[in-house]
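**Student:** Sequence:
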Amino acid sequence: MSKRYYWLKLYDDFFTNKRIKRLRSISGGDTFTIIYLKMQLKALKTDGFLYFDGVLDNFAEELALDLDEKPEDVHLTIQYLLSVGLLESNQEDVYKLTYMDKVIGSEDASAERVRNYRERQKALHCNTNVTEVKRICNVEKEIEKEIEIDTRDRDKRIDYQQIVDMYNETCVSFSQLKSLSDSRKKAIKARLKTYTVEDFQTMFEKAEASDFLKGGNNRNWSATFDWMIKDSNMAKILDGNYDNKTGQAQMNPEQRKMDDFYRMAANWAEGSD
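Under our numbering, the first residue of the sequence shown is numbered 99, with each subsequent residue one higher.
Watch out, some of these pointers could steer you wrong.
As the list claims (entries may be wrong) - Below, a list of computed lysine-lysine pairs in the DSS-like style, where the Cα atoms sit at most 27 Å apart:
1) Lys140 - Lys304
2) Lys107 - Lys119
3) Lys287 - Lys136
4) Lys143 - Lys287
5) Lys287 - Lys328
6) Lys284 - Lys312
7) Lys140 - Lys328
8) Lys304 - Lys136
9) Lys116 - Lys136
10) Lys312 - Lys343
11) Lys140 - Lys276
Stated by the list, open to error - Derived CB-CB ranges, DEER-like:
12) Lys291 - Lys168: 31 to 41 Å
13) Gln274 - Ser125: 48 to 58 Å
14) Lys343 - Asp280: 31 to 41 Å
15) Lys276 - Val182: 38 to 48 Å
Since the hints were made in silico from the structure, they are not lab data. Just so you know, even glycine gets a beta-carbon here, dropped at the ideal spot from N, CA and C.
Starting from the given sequences, assemble the full structure and let the hints guide the process.
**Tutor:** This is how it looks when you write it as structure tokens:
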């Protein structure tokens with residue numbers, strides 16, 4: 099699968115912007131500013147959106163574990179960003195960092211190769227005659243056509259229903275998936291840029307074998323298909339973060355509750371982007 103690169107651009111007036119200057123002037127403001135930047139980095143791959151999965155009590159606590167920051171600092175940062183319009187939330191579990199669409203970008207390895215090729219050729223143009231320039235332009239067009247054809251073919255080859263059937267047949271302890279929405283197709287397509295179909299099968303098998311993901315935790319929370327195919331969650335499942343621990347069945351309820359809490363906290367902290 100072609101690797102994808104992401105970047106975050108900062109305007110040259112970021113630190114002189116009144117909303118940022120006001121944030122930094124608050125006691126602990128430099129920490130809040132760092133948290134805001136880390137939130138932007140976390141939202142790079144999700145087009146500026148941040149999601150509350152409901153594993154912990156509230157969005158601030160979950161985000162604090164992801165960012166490796168204190169919950170109270172993250173809570174204050176969120177409240178400030180909401181108050182000045184740098185963060186929006188129309189639902190309890192979905193948050194949007196405003197202006198992110200203007201400062202993020204990405205490209206796959208093929209696009210990077212084309213860009214680098216063009217830059218090298220531009221350096222040679224000043225010493226190249228007109229005939230050679232035409233030849234180079236034709237080569238660039240052929241490369242672009244090949245990339246477009248490869249992208250279209252790759253999209254056609256994705257068997258979304260295969261992934262859905264694989265989930266329904268393997269994850270029998272979870273809610274069955276009955277519809278394949280565009281957002282789910284988009285998520286599957288994004289994961290297949292990094293993982294294989296076999297990785298999906300492995301993930302579903304691990305999820306089905308995990309007591310924690312099936313509701314064996316102190317919150318009676320169970321994972322869903324949409325939760326599993328999020329980038330950070332899929333990585334944690336495949337890494338074995340939710341595998342049953344040896345001797346877990348012998349724990350008393352209080353021990354199990356504490357073990358669930360510490361494992362959940364560790365997994366979220368390790369999963370920060």
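**Student:** Please go over all the hints and tell whether each is borne out by the structure.
**Tutor:** Verification of the hints:
1. Between Lys140 and Lys304 the CA atoms are separated by roughly 25 Å; this keeps the pair inside 27 Å, and the hint holds.
2. For the given pair, Lys107 sits about 18 Å from Lys119 by alpha-carbon distance, which is consistent with the 27 Å threshold.
3. Our distance criterion of 27 Å between C-alpha atoms is met by Lys287 and Lys136, whose separation comes to about 26 Å.
4. Our distance criterion of 27 Å between C-alpha atoms is met by Lys143 and Lys287, whose separation comes to about 13 Å.
5. Of the pairs offered as hints, the one joining Lys287 and Lys328 holds, with about 11 Å between alpha carbons and a cut-off of 27 Å not exceeded.
6. Taken as a hint, the Lys284 and Lys312 pair is honoured in the structure, with Cα atoms around 25 Å apart against an allowance of 27 Å.
7. Using a Cα cut-off of 27 Å, the hinted pair Lys140 and Lys328 holds, with the two alpha carbons roughly 13 Å apart.
8. For the given pair, Lys304 sits about 30 Å from Lys136 by alpha-carbon distance, which is inconsistent with the 27 Å threshold.
9. The hinted pair formed by Lys116 and Lys136 meets the criterion: a straight-line CA distance of about 20 Å does not exceed 27 Å.
10. For a cut-off of 27 Å, the pair hint linking Lys312 to Lys343 stands: about 14 Å separates their Cα positions.
11. Restraint check for Lys140 and Lys276: not satisfied, since their Cα atoms lie roughly 30 Å apart, outside the 27 Å limit.
12. At roughly 34 Å, the beta carbons of Lys291 and Lys168 sit within the given window of 31 to 41 Å.
13. Taking 48 to 58 Å as the suggested C-beta distance range, the pair Gln274 and Ser125 conforms, at roughly 51 Å.
14. Judged by the Cβ atoms, the range 31 to 41 Å given for Lys343 and Asp280 holds: they are separated by roughly 38 Å.
15. For the pair Lys276 and Val182, the beta carbons lie near 41 Å from each other, so the given range of 38 to 48 Å is met.
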